[in-house]
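Enquirer: Protein chains in written order, with UniProt numbering: chain H, 1 to 353; chain R, 1 to 353.
Quick caveat, the hints were computed from the structure, so don't treat them as lab data. Mixed in with the good hints, there may be bad ones.
As the list claims (entries may be wrong) - Partial chain H-side listing against chain R, Cβ under 7 angstroms, derived:
(1) 171
(2) 184
(3) 203
(4) 204
(5) 226
(6) 227
(7) 228
(8) 233
(9) 245
(10) 247
(11) 304
Values in this document were obtained by computation on a predicted structure and should not be read as measured data. By construction, the Cβ of each residue, glycine as well, lies at the ideal position given by its N, Cα and C atoms.
Number of protein chains: 2
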Amino acid sequence: MADTLHLAADPVELTAALVDVPSVSGDEAHLADLVERALTGQTPLEVTRSGNAVLARTNLGRPSRVVLAGHLDTVPINDNLPSRLENGILHGCGAVDMKGGDAVMLHLAATVLEPRHDLTFVFYDCEEVEAVRNGLGRIERDLPEWLKADLAIVCEPSNGVIEAGCQGTMRIEVRTKGVRAHTARGWMGVNAIHAIGEPLRRLEAYEPRQVDIDGCLYREGLQAVKVGGGVAGNVVPDEAVLTVNHRFAPDRTPAQAEQHLREVFEGYDVTVTDMSPGALPGLGAPITGELVAAAGGTPVAKLGWTDVARFAALGMPAVNYGPGDPLLAHTQQENVPVQQIRDCADVLRRFLS
Amino acid sequence: MADTLHLAADPVELTAALVDVPSVSGDEAHLADLVERALTGQTPLEVTRSGNAVLARTNLGRPSRVVLAGHLDTVPINDNLPSRLENGILHGCGAVDMKGGDAVMLHLAATVLEPRHDLTFVFYDCEEVEAVRNGLGRIERDLPEWLKADLAIVCEPSNGVIEAGCQGTMRIEVRTKGVRAHTARGWMGVNAIHAIGEPLRRLEAYEPRQVDIDGCLYREGLQAVKVGGGVAGNVVPDEAVLTVNHRFAPDRTPAQAEQHLREVFEGYDVTVTDMSPGALPGLGAPITGELVAAAGGTPVAKLGWTDVARFAALGMPAVNYGPGDPLLAHTQQENVPVQQIRDCADVLRRFLS
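Chain H with its partners taken away, still in its complex shape (with noise of 0.2 angstroms):
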């Protein structure tokens, strides 16, 4: 395990020595002691700290700002340590969620020395566990003058494509009541699991929106992610409940969302139990557009919810760009290809300098 990061050097042989340290949510500690280290130091950033977080910026007086974030964390552990380089692939916990993407932003931060925008550089913690540990949200409340910029660029895996706002999510819970009553003379009761089938009978029937924003194309979902219901293998159940999740495009904010869910099950209780924002793509601002030329290619909607929806809700554009495949997150095969965390590293670097 590396007690030095060397920054400067190749941003893939950075990727695999981060790989290397592990750094499951909660335990980032030495991670982000190493990452402090490799910072402090830097010409020309200032550096703090904020429990397991690093964050590194300029202050140049230039006429605008860019913020890059990643996580530092990584899910657990699933034998898939230490990393392994074959055929120009990376594999390893955290490859490509998302120690490809913390690599190319360390290396831009000790290599990009006369940036165009001022630079903010955010590593954190407990990304990938529930949303009050996340250590973004840490940092919104203690040190907000740290978040604020005219762009934010997530380096979270996006195929080293430009993927721009996120979608909305909101979980809902459909209830339904009965009255109990034993089995054997069932007709005393009413059944609260029979009528759960009709706002199935409505999911089924659901055809979601596709809804076109800035040239992105975002597809919504509704889908049930739980059910649950029952008393005893000998009673008519009063009461069901239905746990349904909905993905909705960045033009609906969440009260338009909710208002959207209850009409699709309109005559039934529903609980709104929790919710997050998408981010329109905010591809309209010059410096999106920056960033988009010096990517090439046509920018994607982003689908599901990143920490993109945290810059946003801040008021500035939000992208998320970064090396690898975001479908192999989580997965024991995680892997990703160097030739994106070079290039990655070429398309910032030309943005920046």
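Following the hints, put chain R in place on chain H, whose structure we already have.
Expert: Okay, now just chain R, sitting in the frame of chain H:
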């Protein structure tokens, strides 16, 4: 708490004494000791013990034998002890299910000294818990000759009406399969919870049979008793399981009932998880006719499943006959009108003497 049971005295006082000896399933030893001590030495009874069950029988060489059965255990005490007699109603845990019936049996054992039929009394344990612990099942395995008879009377509460036979019960699991996917890309998956909507629709539309056998009307039922499914809040689930309880009239064998359920849920993966056959009312047998005549009134169908079915499976007519309203069983308020205890004792004395 009584340390001696006075069998020959008032069956109502005996019921109260039995109620006042707690005997939650598994903890019947003390009550079984008292019952064993009270029966031992009663002429002309042969007494034996099986775990926390007590058995007693006459061997008078009569041409026919009647077995009377009652369980000694109760559901957990629910702030409803000791017993309380108020306005001719005896309250307390087990009053209706089924220490009133036990008291009638004990009183008859001590006072019907010249019965027309040989008699077997079975006081058993663990009826209120899972079937594998049921004391009657153990007796069937260990002391099968003790259960042989020409008629079985299970003294479970029946409002003092002869309840003939009983319905069968079967539990099945209906399972749907799908394909997991992230809900952000829901179209890549197949939602197994959505797929459980169609079986629920069939349950909603199901019209249960009503079957007349020997003048007894059996009302069948088909009820979902449990539903479950779900992987995580952001995953399209790949499995859902619906548990359904079918109560079927005793004109159908378990195999026929299963075949029926497979037709109802045709196209779905169906697994039988639990089954107890019903019992035909057997009202055609002369000895049953004598009991019905002694009781007066018209027999009715037993809708719930009781240990009557175990005796029916041994090849004898079997009925349910005891004091108290079965709808009060297992409730905190369980109680029995004392007149029903006396009436039951009188009817059975008339039949047996």
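Enquirer: If you test the structure against every hint from before, which numbers come out violated?
Expert: none
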